[in-house]
Amino acid sequence: MRYVLIHGSWQDGRCWDATVAALTAAGHEAHAPTLPGNGDLANPAVTMAETAAAVVDLIVSKDLTEVVLVGHSFGGAVAQLVAQQVPDRLARVVFYNAYVIADGATVFTYVPESVAGAFTALASPDGTLTLPYAYFREHLMNDADAATAEWAYALTSPEPLGRSAEVLDLAGFYSLTVPMSYLYAYDDNVFPASEFSWHPGMSQRLPDFRLVTIPGGHELMFSDPAALAAGLERAGRP
Amino acid sequence: MRYVLIHGSWQDGRCWDATVAALTAAGHEAHAPTLPGNGDLANPAVTMAETAAAVVDLIVSKDLTEVVLVGHSFGGAVAQLVAQQVPDRLARVVFYNAYVIADGATVFTYVPESVAGAFTALASPDGTLTLPYAYFREHLMNDADAATAEWAYALTSPEPLGRSAEVLDLAGFYSLTVPMSYLYAYDDNVFPASEFSWHPGMSQRLPDFRLVTIPGGHELMFSDPAALAAGLERAGRP
Amino acid sequence: MRYVLIHGSWQDGRCWDATVAALTAAGHEAHAPTLPGNGDLANPAVTMAETAAAVVDLIVSKDLTEVVLVGHSFGGAVAQLVAQQVPDRLARVVFYNAYVIADGATVFTYVPESVAGAFTALASPDGTLTLPYAYFREHLMNDADAATAEWAYALTSPEPLGRSAEVLDLAGFYSLTVPMSYLYAYDDNVFPASEFSWHPGMSQRLPDFRLVTIPGGHELMFSDPAALAAGLERAGRP
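Protein chains in written order, with UniProt numbering: chain A, 1 to 238; chain B, 1 to 238; chain C, 1 to 238.
All clues stand as given, with none of them false.
Taking CB as the label site, the calculated pair distances span:
#1 Glu195/A / Ala147/C: 41 to 49 Å
#2 Gly162/A / Asp208/C: 23 to 31 Å
#3 Glu50/B / Asp208/C: 57 to 65 Å
#4 Ala53/C / Ala26/B: 45 to 53 Å
#5 Ala146/A / Pro207/C: 17 to 25 Å
#6 Ala49/C / Pro215/A: 38 to 46 Å
#7 Thr109/A / Glu113/C: 31 to 39 Å
#8 Gly104/B / Gly117/A: 45 to 53 Å
#9 Ala146/A / Pro87/C: 16 to 24 Å
#10 Trp151/A / Glu113/C: 45 to 53 Å
#11 Thr130/A / Leu122/C: 49 to 57 Å
#12 Asp17/A / Ala118/B: 37 to 45 Å
#13 Pro207/C / Pro215/A: 22 to 30 Å
#14 Thr65/C / Thr148/A: 20 to 28 Å
Sample of chain C residues facing chain B (criterion: CB under 8 Å; computed from the structure):
#15 Asp187
#16 Asn189
#17 Ser194
Quick look at which bits of chain C chain A covers, simulated, 3 or more residues with Cβ under 8 Å:
#18 207-215
#19 232-238
These aren't lab readings, by the way, just hints derived from the structure by calculation.
Cβ atoms here follow ideal geometry from the backbone N, Cα and C, with glycine treated the same way.
If we strip away everything but chain A, and leave its shape as in the complex, we get (with noise of 0.2 Å):
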């Protein structure tokens, strides 16, 4: 199969590097790009349009077709944005603990009261987040050791934070017919259960989809990137 990977906040295309290696490993194509805004393309003023575009750009002029599209976290957004726009190019969207907007919503629209406080409190003058350690390790490694974790860390950098707040045209989203798959791991605690749940709080907006748990928790990219490829092989399937 065909994999492009959409990463999520905070991070950059080698997030990826060990799951597309084990993709790779099994036969697989994979592509992980560095989403505009992240990383190396750093720029707080960055657009979901701008985005998006970037995905598909990479799609369009790599003329890849069959594509199993994955998006991660908030890499969910982007990729409904992209789905609107390139649908005949999908063989399928794989949304793997990611956020799944409604039409004329935002991501931000989905954030728990509790940790909205703490993420404006914690905002830079210049738009953009840095995820503290205490809270990157605790809730989104809390199924790594620590080395791991502080290596994962090593790899975040400023989130811009302008396009979450954007409300999002995705009526066309809820009117495709590609196939989708929603991979869940359990043990992920980004945000309190009892405010949020990727499954089924995010899965049930899906027009429809399959859905693929496995054990494990929001960067498993990290924590177990060879059961994630194993899962995305699973939710990717025909």
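Since the structure of chain A is provided, determine the placement of chains B and C on it from the hints.
Same frame as chain A, now just chains B and C:
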């Protein structure tokens, strides 16, 4: 142990073949009748009374005792009716991702509205429902590869709908003292998780039960019969 | 790491024997005292203050520091009381399918009404409760075979009820900055899932926590102590 396995909608006794083989290899005895109305016994007008009677007759005619009675999906309702007729012959009733019907309710009472509409639209004039492959593959076989899904689909046949709309007298079931178990395969995504759950939705109507959870979906008899047999052993043991 | 393990109701320090062995074999240190009121220290009139004091005394008298304090079930409430008395000696508090009591509440605040009635009916005149085997086997040992359930049951003793009705002053606990984890064994079916949950029900009262989930039920110290020890390592590590 001695198992009597009651299949679900669209299926017949053959669905259990690999599970029976696994149970037999582990030293157990297993019976897997085709219910009247299904498979070779197709009959759109079949009633719940006739359906349950066939299982009771099997148990009585073979003089089976200490039976672990297993109901899967729709077969849960049948198991309830059978249990209240021959409780003294049962060691335990096991529900595997199965309906548990309240006294005076119907099977369709518990089908989420969002799915009931689709079922009605798809029903044949003769009162049967043929499951579309896409739904079967994504929702019932989400834990299987495509080849397994296609093989399992080839074994399905139209389900007579009338009996699932029958009001069931289950007062006797709710005064039984037979031990019960709920075997919950937690990757099951037959119905939207936001509207329906096997556990704790269905399970909590049982007077009391042992919970056993396993990975996998609605059709472990096809996707992983060895795991299902192991689950049935844990659910069925004293 | 250095563990102090606080057992739950009906049990005593012996319940941890195999877990202590597994932790010790992995290079850790583990202490598993019998709480006053339980086992050899039977005392129907024991108070929560006396119960917590015994653990505090153990920690102080042995001059233990960098302690991973583990509370199981009822032991969660004890761990909260201990933590607010000796926070500087703790590296982390771990709750394994354990109560987390709100400031000013009691343990019994969180027992579902459907179970509280049965508990009251079963209570002895001396103010203790002996757990019926059938309940223990089906609800606490649902993941074990019958022989293991019988062996574990033989190690139980009557639980003094009075302390579980005591209003607890836990204001100090809720201002602690000690890291905390919730180790959730997700096959636990002690109480009806429709009325009660360890996670996210209990866990969400913690100021913050690392979530670690593992298969298994309420008594992994008996049904799978090696898995419990591994879970405690993941929950307890920095």
